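Colleague: Residues per chain, in single letters:
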Amino acid sequence: MKRILGVLALLVVLYGGLVGTYVQTAPGHEPAARTRERITGNLIDVGNIQGRYGLITVGAALVIITGGIDLSVGSVVGLAAVLFGVLMEAGVHPYLAALIVVLAGAAIGLGNGLLITQLRLQPFLATLCGMFVYRGAARLLAGTVSRSKAVEVHPEFADPLQTIRYLLVGKDATGELVFPAQFVLLLVVAAVVAFFLHRTAYGRYWYAIGYNEQAAKYAGVAVDRQRVVVYVACSALAALAGVLLFLDMPSIQSDSGGLYLELYAILGAVLGGCSLRGGEGTAVGMVLGAMVLPVLENLVNLRGLESNVIPAVIGLTLLVGTIVDEFIRRRSRLNR
Amino acid sequence: MPPARIEATGIHKQFPGVIALDGVSLALAPGEVLAVVGENGAGKSTLMKVLAGVYQPDAGEVRLDGNPVRFAGPGDAARAGVVLIHQELNQAENLSVTDNLFLGREPTTAGPLRVLDRRAMADRAGELLARVGLPASRAATRVESFSPGEKQLVEIARALGTAVRVLIMDEPTSSLTQRETERLYEVIAGLKAAGVSVLYISHRLAEVRRCADRVTVLRDGRNAGELPRDQITHDNMVRLMVGRDLRQFFPRDHRDRSGAGDVILSVSALRYAGGPPHPVSLDVQAGEVLGMAGLVGAGRTELAEAVFGVRWAVAGGIAVAGEPVRVGSPRDAIRAGVLLVPEDRRLHGLVLEEGVGFNLSLPNLDRLGSWVGVRGGAEAALHRTWIDRLRVRTPSAAQPAGLLSGGNQQKVVFGKWLARGPRVLILDEPTRGVDVGAKAEIYALIDELAGQGVAVWMITSDMEELLGMSDRVAVMHEGRLAGELARDALTEESVMRLATGG
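First to last, the sequence lines map onto chains A and B. Take the first sequence: its position 230, counted from the start at 1, is 230 in the working numbering, and no numbers get skipped. Take the second sequence: its position 172, counted from the start at 1, is 172 in the working numbering, and no numbers get skipped.
Treat each hint with caution, since some may be false.
Unchecked claim - Computed list of lysine-lysine pairs in DSS-like fashion (alpha-carbon distance at most 30 Å, straight line):
no., chain 1, residue 1, chain 2, residue 2
1, B, 192, B, 151
2, B, 151, A, 149
3, A, 149, A, 171
4, A, 217, B, 192
Please keep in mind that the hints were generated in silico from the structure rather than gathered at the bench. These numbers were taken from a predicted model, which means no experiment stands behind them.
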């Protein structure tokens with residue numbers, strides 16, 4: 001609970017800064033209504049990005065709760081986006097292609113899970129290898145993919161592509177963002193995850209496995225199966241994010257699409273209250289944690305700072321958050 | 001004769017390099033309480049794990065109500081009514097008491113969704129907790145805030161929640177207070193009356209005498225003998241366990257040493273971060289064994305940790321041989337010759353994955369090397385010396401410490417400090433989880449050290465040990481020193497009166 005309050009406070013500060021910056025930099029002659037409109041528009045833009053980050057954060061957080069880690073998320077996002085494009089260029093209908101991509105993601109997760117549970121590889125290592133392998137696979141498949149390329153080869157895909165783009169990303173034919181569809185999608189996914197995490201026996205198993213795998217095993221929990229399940233969920237969500245990335249962006253480079261997203265996802269999960277030691281984290285926290293980075297990036301951009309400072313700002317934010325968190329925890333332990 | 005509730009015949013179990021069980025048999029009737037005793041390494045825990053499906057036997061047969069069974073795992077055994085409560089508690093401490101009570105067998109909706117029936121969980125949890133004497137109001141709290149004794153009771157409540165027919169407990173009372181232990185006896189009596197068979201491992205012989213119908217003794221992975229109820233005596237059990245008579249179990253002569261030696265360790269008005277608001281003062285003399293009694297949670301371990309520099313002192317201080325010492329970390333304490341054999345040796349005493357030699361060397365590296373590195377010859381000599389002198393039973397200095405029996409692990413912890421030459425030795429539960437044979441060796445060692453002028457401060461919850469080894473006893477109660485007992489005033493009653501705040 002305390003950890004959620006922390007990230008909430010952080011978000012309030014960031015959003016406050018965002019709105020403040022808008023008001024402060026608004027041209028003197030601009031009517032207030034127009035400023036409000038611009039703020040709303042910007043918040044929706046940010047919300048859309050938050051939604052996509054959120055999906056991979058939720059997946060990564062599930063793995064982290066069970067005491068694992070998945071470093072292949074970013075590469076899976078990239079591979080999924082490229083695969084989506086390549087499939088459509090090969091004539092697979094966009095709806096079917098999206099489904100195939102998500103299933104392929106699930107298959108990757110299954111692979112990760114089996115390596116970790118059956119061959120007993122350390123999650124860090126198994127998924128670090130995956131990170132390189134899937135990035136490489138994406139680069140072998142294609143250099144660049146885009147909606148325009150797919151439509152060029154198969155003009156009949158223009159309509160269905162636009163339909164799912166509108167449904168999943170919220171952008172109309174002109175490229176205007178109508179509603180933050182990705183954020184809506186995140187809320188739906190988060191609600192499902194919250195249900196499983198907090199209301200079903202599976203959630204209890206994930207927490208138990210993350211905190212004390214032996215305890216879960218002795219309680220008769222099918223530990224390996226549960227571990228595999230969360231890796232499948234994580235990679236499938238990453239693949240879904242890849243599809244969204246493809247639909248959102250004008251084009252995707254296979255060597256940079258989704259790059260570093262695994263670290264963003266882990267960061268979001270930790271900001272949202274997950275402990276890398278496992279056994280801690282809530283669905284609400286994951287969503288809140290995922291919301292931090294996009295706002296932060298947006299704020300840096302708005303304030304006219306050079307975008308090169310973004311990584312440093314992100315790193316420092318997490319560091320400060322971690323220090324504060326550790327401090328609170330130490331105090332509460334002493335007071336017990 | 002009706003078939004036994006559970007019966008094991010000719011159980012063999014081998015691990016790499018060790019034959020843990022070599023043809024052990026055992027039978028238990030419905031409603032019978034059987035205590036299994038034996039030195040550590042005798043195979044008790046392995047046998048329990050075989051019965052509960054954690055291990056599969058290499059040979060031999062387990063029958064439940066006359067039918068041969070082969071459990072695939074602990075969950076499988078639990079479904080058949082055979083439940084093991086572990087020596088090292090296995091709980092998901094990040095979950096609530098209720099969640100732990102039902103972990104792995106939550107009441108849920110049918111179908112693959114398995115939505116938790118939280119009302120049923122709450123109702124059942126209150127009921128189960130009441131049976132072990134814990135208030136239902138604590139069902140929603142996380143287990144991590146519980147004392148070790150309370151965690152044990154939660155674990156027992158968990159077993160009660162299943163249709164348990166055979167309850168196996170591995171040293172259930174090792175972390176319980178007197179009151180919790182009494183409560184456990186009542187629970188066992190209730191189970192017995194309900195026809196549940198109880199298998200019970202214990203190192204506390206007095207306890208075995210009190211609650212078992214029958215005792216089976218194991219030695220070196222074999223049956224060493226059985227004692228019916230009327231023959232359960234301390235001497236009989238010890239004789240079967242070690243295969244010889246143990247006279248001179250406690251070597252202390254208990255001369256009155258008060259004022260005989262210089263005060264080596266002087267703790268004055270010490271308070272530490274996160275501790276109780278009462279300052280504690282304490283003196284330990286050269287050559288004496290100061291016993292420290294108290295209930296679990298009385299603050300004994302914490303006080304020792306504050307003296308050793310693990311916890312921060314916020315007021316008062318300590319002096320060693322009259323010299324004030326500022327102890328900001330264990331490094332400072334060690335430099336002053338104040339050494340701690342910690343309560344949890346697997347967590348704080350040893351690096352389990354590393355070898356015996358590695359562990360012996362660890363605090364002595366400053367003396368073993370120069371700036372170019374550790375001198376191999378000196379290190380090997382140190383290993384040989386202490387493995388021999390303490391009779392650590394290990395195939396080599398390279399054997400991972402975690403693979404030794406409890407008693408031998410403890411000897412390694414002693415060894416790493418003795419190699420430094422202690423002035424003050426703080427022993428926190430020095431023989432917990434240690435078998436009888438090694439116990440006797442450790443007692444002899446403590447006696448010898450005191451004879452050499454070391455000031456020994458021994459924290460213990462084992463009454464026999466306290467009475468048998470202490471020259472003087474300090475009793476703690478809820479964070480303060482409740483009183484001191486000289487040798488001639490030392491009785492079980494006087495200790496318990498102080499410990500319970502009377």
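Colleague: Each hint needs a verdict: does it hold in this structure or not?
Modeller: How the hints compare with the structure:
1. B/192 <-> B/151: 22 Å, holds
2. B/151 <-> A/149: Outside the cut-off at roughly 63 Å; violated.
3. A/149 <-> A/171: Holds, because 18 Å separates the two Cα atoms, which is no more than 30 Å.
4. A/217 <-> B/192: 28 Å, holds
In the structure shown, a violation is registered for the earlier hint numbered 2 alone.
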